[in-house]
Every structure is written in structure tokens, then in C-alpha cells.
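Asks: This is what each chain is made of:
2 protein chains.
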Amino acid sequence: MNLNYFLSASIVVSAIAFVFAFWLLNWVKKQPSQNKRIEEVSGYIRKGAFTFLNQEYRNLAKFSGITALLILVLLPSPIWKGDIIVNITMAVSYIAGTVFSAVAGVIGIQVATIANAKTAEAAQKGIKPSFLTGFRGGAVMGMAVVGSSLLGVALVFWLTGDTTTLLGFSFGASSLALFAKAGGGIFTKTADIAADLTGKVELGIPEDDPRNPAVIADNVGDNVGDVAGMGADLFDSNVASMAAALVMGSSLDMATNGAINVIMVFCYAAIGLLASIIGVATARMGKTDNPTFALNSSTYVTTAIYAILTAVATAAFDFEWRIWGATIIGLSVGVLIGIATDYFTDDSKKPVQKTAAASEKGPALTILSGVSYGYLSAFPALVGIGLSALLSYKICEPLGEGYALFGISMAAVGMLSIVGMIISNDAYGPIVDNARGLAEMGNLGDEVLEITDRLDSAGNTVKAVTKGFAVGAAGLTVIALLGAFLSEVNAHAIVLGLVEKGKLYISGFDIMDPLVFFGLLAGAAIPAVFSAMLILGVDRNAQRMVEEIHRQFDEIPGLKEGKEGVVPEYDKCIEIATTGSLKELIPAGLTAILATIFVGFIGGVKAIGGFLTGNIVSGLLLALFMSNAGGLWDNSKKYIEAGNNGGKGSEAHKAAVIGDTVGDPFKDTAGPSINTQITVVSLVASLMSSLFLMFSLLG
Amino acid sequence: MNLNYFLSASIVVSAIAFVFAFWLLNWVKKQPSQNKRIEEVSGYIRKGAFTFLNQEYRNLAKFSGITALLILVLLPSPIWKGDIIVNITMAVSYIAGTVFSAVAGVIGIQVATIANAKTAEAAQKGIKPSFLTGFRGGAVMGMAVVGSSLLGVALVFWLTGDTTTLLGFSFGASSLALFAKAGGGIFTKTADIAADLTGKVELGIPEDDPRNPAVIADNVGDNVGDVAGMGADLFDSNVASMAAALVMGSSLDMATNGAINVIMVFCYAAIGLLASIIGVATARMGKTDNPTFALNSSTYVTTAIYAILTAVATAAFDFEWRIWGATIIGLSVGVLIGIATDYFTDDSKKPVQKTAAASEKGPALTILSGVSYGYLSAFPALVGIGLSALLSYKICEPLGEGYALFGISMAAVGMLSIVGMIISNDAYGPIVDNARGLAEMGNLGDEVLEITDRLDSAGNTVKAVTKGFAVGAAGLTVIALLGAFLSEVNAHAIVLGLVEKGKLYISGFDIMDPLVFFGLLAGAAIPAVFSAMLILGVDRNAQRMVEEIHRQFDEIPGLKEGKEGVVPEYDKCIEIATTGSLKELIPAGLTAILATIFVGFIGGVKAIGGFLTGNIVSGLLLALFMSNAGGLWDNSKKYIEAGNNGGKGSEAHKAAVIGDTVGDPFKDTAGPSINTQITVVSLVASLMSSLFLMFSLLG
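So the protein lines, in turn, are chains A and B.
Residues 1 to 699 (this note's numbering) are what the first sequence spells out, left to right.
Residues 1 to 699 (this note's numbering) are what the second sequence spells out, left to right.
Only chain A is shown next, with the shape it has when bound in the complex:
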């Protein structure tokens, strides 16, 4: 079998995804739009979103410029010790990682800010056309992200043939994800909280009232946080999982002078994208009247197609069935984690209803209830991730040394195989959320609002599943990255002459080694510190925006009263959210990266092994806790608003609103950003492994 053949095939499938995305984009654009007011507001949102993206990419350019320079001088080996060409390739690959992800982000924002208005207008014709518009808008993002990540990985591998360089590409993607997800997360919650505090709480005006200067920023936030940020996050995970599998797979291939393991990674990834394309193309509400059903069933269709096609490929190309098994284990556990997450955040289940009931006794019990269920929700996912790692390891162990860890990385690839579908479903959420706001601002009437509400609620339910999926996938990916770190350390140790060729420098990380244990504890603290810094950042930034809103209400005559023709200065709020979010993000990101470097230079590669592990364990725990508690509070509030436990305006409702506000930065800022933080730290560790081997105080 020829590797080039499979690389070409991967590139062709990526191209198909792009063509399909382009077709979907045009389809969305062709949908009718007549309402002037909606056109206008949607224009504001688009402008605001691009203001943020512009600023973000500018900051990123500075950050990654400096990082690229550091890579050029130091990585994978210091320039005075290694080959300068390798360092240049690495730096370029890093930049390419940021650029490929950025392009996908721009495409996503482009379509999302068009699809929101079209979805709102389509709702006048009924739920089905409206659903399809929202879904296809989201699918453009899904196709763009997965197409672009597969294309990037295939190109880098084709051009360099080197997996360490691929880690550079992955690190580029992670850097962008850090800005997009954490920065976007701060942006969206700054605007959301500020809008709620001044609008709902102080003035008692509805959520999307156009008088509120923060309302456009709030809608922009949905796009930059939930569309662009989430896309960059999954781009990052997808690239990282492929990179980890390729690092291990190619080192296994070296032993046989073949390429079968690398080929398998590309083959399975391409099939995953193909399955997602089919899943998206066939998604319809059909005879049902239930958008949640439509979203979920297309996920299951994609999963089934993937399982069948990979089985066919395994038989046709004589791949190892055990590795196929590992992939399917990953995928199945991903689905199971999604279902478990759903239990804790779905309003037809006990946790949400109990939290709503607890709210009748005041906000303290809302919080305590949500915190408790949030902690409980971590259990099935953690055990699921642990089990899938264990099973995929055991199933691949008989294939020979090194295959067991490769099995774990293939389970991660499997879990992420249907990521195109996942992103489509996920991006659907903010689009219909925006559509709801636009329908309200465009006065489309109660019937339309009811439809957009139903679409929005489906988005929220599905979001819980996709987020559980994303955390699970990230979990397996970072375990695989830990394996990749070990591979890198051993490879560099040979280059540095620390051990003979064919020997291992370290075979693992022993917990009883105090360097490892020290690393474990330090690593476990980092996600807590990182998320605390992000939440405090949201807090500070929201306070800045509240001040600005108060200034506008005071200084712009007629604004508060809603006088005809008086428009708030929306862009001032967008500016505050943009500048503030990027300013608050940098220290948090740097703390995580510097802590890694610090621990590495103190305790060497062993301490780093512990550090990464501690980071993964506490990171997954906190990410699951925060995402699920946040989703649970959100849905408890909605459950009460639907007329339960006293309904809108009751004491229970006030308590639930407080819970929801606490949950906002949990679920949309800190929780999902922890994924990215873990990946960034893992990649920094792998890339710097040679330096840690050369210079460390105790290691």
C-alpha cells in the first residue's frame, strides 16, 4: 500500500468537504430575507464579530510571532545544537497551524452571522425550513473545521514526513484555540452578564431588548464564543488526536519499514469526514416535529456509517481488526458519555427538576444543588474515559510493544471521527439562539418566537451531549499526548546520546517517584488556577461593561425610555468586551505555559510526566463539573420559565436566574477552555522535551 495514495485521498475528501461547505453557504445565502430591522441588527452583529476576530487575530499574530521566533531558536533542539532547517520547518508548521484554524473560524463566523437572520425569517414559514437553515449554517462550520484540519495534517505530513513537526502544527492550532475559546468565552460572558445585570435585573426589560447597549455584544458573543471558539477548540482536539496517533503510529511503522499504521490514521480520519458529510446531507426533521430528534438521529446515522465504512476499509486494506476495535470503543464511549451528560442537564430528568425545586427555597440551595449534581456528573465520564483507555490498550496489547498506547490514541481518533457532525450540531445552537433574538428585535410575532424558542431549546439539549463528547475526546487525546510525550522523550534521549539506539530512556512515570508526585500535585493545581483567572477576568470585564451601559443610559437622552429612533452605542460595548477579553486571557494562558516550563526545568521529564497527568486528571474533573453544572442551571431556569415551581417571576425563578448567571462563565468560559489549556500544556511539554532533558535542576 502506498501512503501517498491515502494522503491524496485525505486531501480529496477535505476538498469535497470544502465544496460541500461552499454549496451549503450558498444555499443559506439564497434563503429569502425581507425584514429591514433584522437585516440591520444582523449587520451590527456581523460587524461586531469581525471586530473581535480582527483584534483577536492581531493579538494572536503578535503572540504567535514571538512563539514562532522562540521555536525557530530553540525547538525541537537549540539552533546551536541541531539543524536550522528543522527549526525553520517547525516554526512554519506552527504558523500554519494557527492559519488553518483561523481560516475555518472566519468561514464559520461568516455563515453564522448570515444564517441567524435567515433562520429567523424562515421561521415565518414554519419550523422545518427554519431548522434546516440553522442546521445547514452550522454544518458549514463543521465541514470547514474538519476539512481544514485534515487538509493541514495531511499536507504537513506529506511535505515533511516528520511527526515532531506535526506537533508544531498542533501547537499552532492550540495557540489559536486558546485565544478563540478562552478569549471568546470571556467576551461572550462579559456581554451576557453585563446585559443581564443591567437589563433584566436593574431595568426589568427583556433579554434581547434593543435599548440595552450590551445586547448586540451579547449576540456577537454567541458567535465568537460558541461558533468560532468551539470550532477552534475542536479543530485543536482533532489535530492533536491525529498528531498523537501519527507520532506513535510512525514510530511503530519505523520498526517494519512500512507505513500501515500511519495509513490507517489517515484512512479512518478521511472516512470520519465522509460519514459526517453524508450525515449532514441527509439530516432532515422528516415526519417528526422534533428538532432534537433530528439533530441526535443524524449523529447516530453518522456514527453507524463510520463504523460500517471503517470495517469495510479494515477488511479491504487488511488493517488490524484490534485497532479498528479500539476506534469503535472510543466512538461508543463518546456516545455513552454524551448520554450520561444528557441525564444531568436534560430538563425531563431528576437533576434539573430537583435543582428547580430547590430554588423555591432560595438561591443558596440552587447553587448547592447544582454544584452537587455537577460533581456527580463527572463520575460516569471519568470512569468512561478511563475504561476506554484501559480497553483500547488491552485490545491492542497483543499486537506488540507500543501498540497498546497506539490503541489509546486510535480510540481518541475514533471518538473524534464524527467531529464534523458534532460541530454542525454545536454551531446550530448559537445560530438559532441569535435567530431568536433577531425575531424579537424584528417584531416577527409570538408564533415565530415560539418556533425559534423550540429550535433554541433543542440546541441547548444537544449542546450538553456534544460538550460531553468534546470533553471525552479531549480526555483520550491528552492521554494519547502523554504517550506522545514519552515517545518524544525517548527519541530525543537517543539523539542527545543519553541512551543507545533501540533502548528506552524512560519506560513510564512512577507515582512513587517524588519528582513525578510533585509534578502531579502541581499539575493538578493548574486547571483550578487557570479557570479561576478566567472567571475573575469575566467578572472584571463585566463590571467595566456595566459602567459603560450606565454611562449610556445617563448620557444618551431617551435611550432608557425607548424613544423612537434613539440607538445605543453598541460598538462601545463590543470594544470593551473585545479588548478586555484578550487582556484577561493572556495572564491565564501564560500562567499555565510558564508553570509547565518551570516544573520542567526544576524536575525534568519525570516531573513533567506527573505534571501532565495531574493536569489531565484535575482538568477533566473541573471541565466536566463546570460544563455540566452550568448547563444544569441554565436548563433549571428554563424549566421554571416553562411554568414549573412557580414559573417566571417567582422566587424560585429569581434564584434560578442567579444559578444561571453563576453557570454562565462555568459552562461557556472556564469549563470548555480547560480542554484547550490541557492540550496546550501537553504540546508545550512534548515540544520542549529535548530542553528538559538537557537542562533541569533535579531531573
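Hints in this document: simulated from the structure, not taken from any laboratory.
Keep in mind that a hint or two might mislead.
Repeated chains share a single entry, so a pair holds when one copy, or any two copies, can fit it.
What the hints assert, rightly or not - When the alpha-carbon atoms are kept at most 30 Å apart in a straight line, the in silico DSSO-like pairs for lysine-lysine are as follows:
(1) 361 x 572
(2) 563 x 361
(3) 349 x 200
(4) 572 x 354
(5) 654 x 560
(6) 287 x 654
(7) 560 x 62
(8) 349 x 583
(9) 361 x 583
Here the structure of chain A is known, so what remains is to put chain B in place on it, guided by the hints.
Replies: Same frame as chain A, but now just chain B:
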């Protein structure tokens, strides 16, 4: 050197501690009391506390009866495979562990429920006599706990000479601690929350208003949760740290046929108790007017005496200076963690003040702020524990194989050496808190209330430090227990014929082994699940009590209006708190224990190694987060009540009260119970290691 000489010395020092405790108890009893009302209420509290203790010990007797039976049949080896005498010794030792701890608890409750009234009355004569009464009351508990734990360990070791049996004694202490700390924690917060919700929130009556049927239960809770529970917790940690050190020390001694390492453990422990006695005896407010200063300075005095006396002993008995160094590292890091904790919970520092300021913008920001600082607060402690483990390992490593891990266990012994002083300071808190309530109910006037308020606030500040200390000590202890687990596994593997004598069955736990990694993730989930179950238990139980309070207000004529002579049925509330707390505790404790057994029988000793590690890492993180966030919210509320950010009755105050209510079960139920949960799980693992070696699915 003769080991028996040191064992006798330990027993003599324990006896001195008991004599001193008896003298202090009599001193407290001799303090004047005249106020009838205070007498009466204090009698209710005493009666309530003993009702709970009675019930608790009755439940414990059932639980530990069954456990003792299981031990008799199964541990350390199944009765059909081993020596029945060993199993009987183990079961008896287990029971002894519960009894020794229970006796200390009874003494503590006895004095605390007398000292509260005496402290209140002494406040009429000024702050100094009042302080001394409260402090000496607490010191009785401190002396009883440490005297009884040292006595128990010394006796068991003298009679059996076997360290595995000592683990059985330690497990007994942990079982009691689980009931006392987690059960007491649920009790105290059930009453506190129910009293607040019905009193302060619904009726707007003050905290200690005697009309509220929950008010006595609330005061009882301070005693059973914070005095008896905390004492049992530290009894447990103290015994566990000595047991871990003795397990490793005696296996080192075996190699030389000596007893010097075991001698050192007893010698240092006895000196720690002696230093605490001197520290307690010399504690005075002196010329200062500052109770916090008095409490902290006596801690520092004790620390200094300990360091000097152990240095003298090390020189005199020719102990290894490196091991002395490890002990001092542990002690110093304990103090440092205490200081770091103080920063996050002291109202003169930024975190408390910023949280108070955030409260002006509503309860959601109070919560977010507290959560963030809580997470940040985990960082210094985790890194401190990691560093002290690393340093004590490295400093003792040159002494030979096995000494490095022994060094870690001696660092834990060092951190816990001044535990007598710590408990004294800690038990002082609930005594003066109760005294404040009694002064209010006895109408002792504003001047007295002001004094008791100051004493109470000092108690809160010192509590933060001692809690940080307790978590740090528990952290090192469980790391040492992990080492003890490894020792046990290797010892049993030889007995079972799995390896030859002199060989190791396993030398450590490799993170890259998927059994270990699976254990890690599962273990990390347990503290989250355990604390969620406790918090939900508090929640459910508080709701039951709220219903009872409503019933009393409805059915007892004149109660609500405060008619002269109308007394609520206090004992009904005490009964609810008692029954409910013990009922809610059992499932949480069993979940942790069963998960350990389950993981052990699935994945064997390797999975358990990972499980314990994951448990330690996430347990420490959550314990620190919850304890510190809770303390911070409490102090933010007090800071606002002192007239800042709008003062009492302002919006900020209302928000801060919500934060405080959320923090209550964090800091007094779940947070400190996690310590016990980790210890219990570690001991179960060690005791069952032989079974896990014999029967496991994948291990």
C-alpha cells in the same frame, strides 16, 4: 537503645496529657456561673450533643461490628488461609481504634458544653478571663485526643509488635472519624441552614433567637461537628501518620535487626505532645488585647519548642539528622500552608474584600468570586505538599533504600507533631461561638456580646490556619499511606509466594500502565461524588427540619410572637438532625469504600495504586477549594456586617449571606470530610491488599 523504654516514655507522656486535661477540665468547671437562663440553655445543648453522640456511637457500633466480623474472617488474610489469631488481633485492634477515638470525643464534648457557658459568663469580667476559659476548654480536647492517640498506638505496638495490626487500629479511628466528621458535619449544617432559612430569612429574627426551634440544634451542631468531629478527624490523621511511619520504619529496622526508626517515630511523637502541653500551659493574652495573636503565638511557641527538643533528642540518641530534617520540613511547610490559607480567608486581605465588593452587584458575583479565590487558594497548598514530599524524600534518600519514602512519612509526623496545639485552637472556635449565642440568649448585654464577638472572630481566623494545616498534614499522611500500601503489597506477595523473599513484587505504579491510569481517573471522581452526596444530604435534611420548624410555628400558640414562657420543642429538631445526618452519611461512606473494593477486584493492586493517587490529588484539591471558599464567604459576610460595602441589611449583605450559606456545607461538611474519606480509602486498600493480590479480574 531499648524500644520498650521509648514506648513507656510515650505512655507516660500520654498520661501527663490526660492529667493535664483533667486539671484543665476542673479549672473550667470551677469558673463561676450564675445566670439561670444560660445554665438552662447550656443544659439543652449538652443534652442535645449527647443525644447525637449516643445515636452516633450506636450506629457506629453496628457498622464497626459488621466490619470487625468481616475483618475477623478476611483480614489480613482469609481465615481459611492464614492464622486466626492474627485475624482476631486485627479485629480487636480495629475496635480499639474506634473506642480510643470515641473516648476522646466524649471528653471533648463534655468540656465544650460546660466551657461555652463559663466563657459567656467570664466575658462579663473582660476579654482576658473569657479568652482563657474558652481556650482551656478547647485544650482539654486537644490533650485528650493526642494523649489518647499516642497511648493507643503505643499500646497496640507494644502488645502486638505488628504494624499491619496498627493499620487495623488506624482503620478503626478512620471509621469513627467518618461518622463523627461527616455525620457531625451534616448535623451542624442541617441545623445552621434550617435555622437561617426560617429565622433570618423568613421571619427576620436574629441568629440566636430562642424562639427558633432550630437554635439549640444549631449550637449542638457546633459541638458535634466542630469539636467532636474535628477531634476525630485529627485523631485519625495523627494515628494514620504514625501508622504509616511505623509500617515503613519497622520494615527498615528489620534489615538491621534494630528498632531505631520505630523509636524515632515514638520519640518525636511524644515530644510533639510535650511541646503542645507546654504551649497550652503558657498561652495567655498577656499584654496584648488581641486573641488572634494569643492563639497564633502559642502555635509558634509550640513549633519552636518541638524543633529544639527534637534536635536535642536527635543529638542525644544519635538519630539520623536527615530524618530530623524531613520532620522539620513537614512542620515548616505546615506553617506556610497555614499562612497561605490565611491570605485567602482573612478579612484584611484582598480576596475577602474583593468578594465583599463583588457582592454589591448581586449574589451571582459573590459566588463566582468565592469560587475563583477558592480555586486559587489550592495552588500554594498543593505545591507546598508536593514540595515537602519531594524535599523530605530527597533529603532522606542517601540513607539507603526505603528511607526516602520513610522520610515523607516522617514529614507527615512532623506536620502533625503539634496537633495537640492545633486541636486546642480549633476547639476554642465552637466554644466561643456557642458562648456568643448563650450571651445573647442570657441577655448579658451589648458589652459582653462585643467581647464574645471578638473572641469568635479570632476563632474564625485561626480556624482557617488550622484547617489549612489539617489538609496539609492529611495530604502528606496519605502520600505516606500510599507508601505503606506499597510495603503491604510487597510483604503479602512474599507471604503468598508470588515473589521470593527479598524481592519486590512491584516497585511502584507506572502512570503509563492503563490499569494505573484507569484507577487514577476513577479515584479522582470519588471525592467529588462523596462531597456531592454529603451536600445533597445536608440539603435534604435541612428541608426536613424546615418543615418541622414551620409545623411548630403553626401548631404552638404564641411561639412565633415570642410570648413569655412559650418554649419550642428543641429536641424534635435535634432528633431530625441526628437521624438524618447518620442516614445521609452511610451511602456516601459506603460508595467510597465499595468503589475501592470494586476497583481492586477489577484492576488489582496496580489499579488501586492509581486509585489512591487520583483520590489524593482530587481530594486535596476539592478539600482545599471547599474549606477555603467557605471560610472566605463567611468572612466576607462578617466584613460587610462590620460596616463595609453598605453594611448590614444592604444588598451586598444579602448577597454575602447567600454566599455564606453556600459555603457552610463546603467548609464544615464536605471539605473537611474529604480528608477522612481519603484516609479511609487508603486504609481499606492497605488492609485488603492481600485479597487484591489473590483475586482480581485484570490485575
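Asks: State for each hint whether it applies.
Replies: For each hint, the structure was consulted:
1. When the C-alpha separation of residue 361 and residue 572 is checked against a cutoff of 30 Å, the pair qualifies only between copies, where the shortest distance is 22 Å, while the shortest distance within a copy is 39 Å.
2. In this assembly of identical chains, residue 563 and residue 361 lie within 30 Å of each other by CA distance solely across copies; the values are 28 Å between and 39 Å within a copy.
3. For a Cα distance limit of 30 Å, the shortest separation of residue 349 from residue 200 inside one copy, 28 Å, qualifies, whereas the shortest one across copies, 33 Å, does not.
4. In the homo-oligomer, the alpha carbons of residue 572 and residue 354 lie at most 30 Å apart only across protomers (26 Å), although the nearest pairing inside one protomer, at 41 Å, exceeds that limit.
5. Taking the shortest Cα distances, residue 654 and residue 560 sit within 30 Å of each other both inside one copy (23 Å) and across copies (27 Å).
6. In this assembly of identical chains, residue 287 and residue 654 lie within 30 Å of each other by CA distance neither inside one copy nor across copies; the values are 38 Å within and 51 Å between.
7. For the identical chains of this complex, residue 560 and residue 62 are neighbours neither inside a copy (40 Å) nor across copies (67 Å), given an alpha-carbon limit of 30 Å.
8. Taking CA atoms no more than 30 Å apart as the test, residue 349 paired with residue 583 passes between copies only; the shortest distance there is 25 Å, against 40 Å inside one copy.
9. For the identical chains of this complex, residue 361 and residue 583 are inter-copy neighbours only, at 22 Å across copies versus 39 Å inside a copy, given an alpha-carbon limit of 30 Å.
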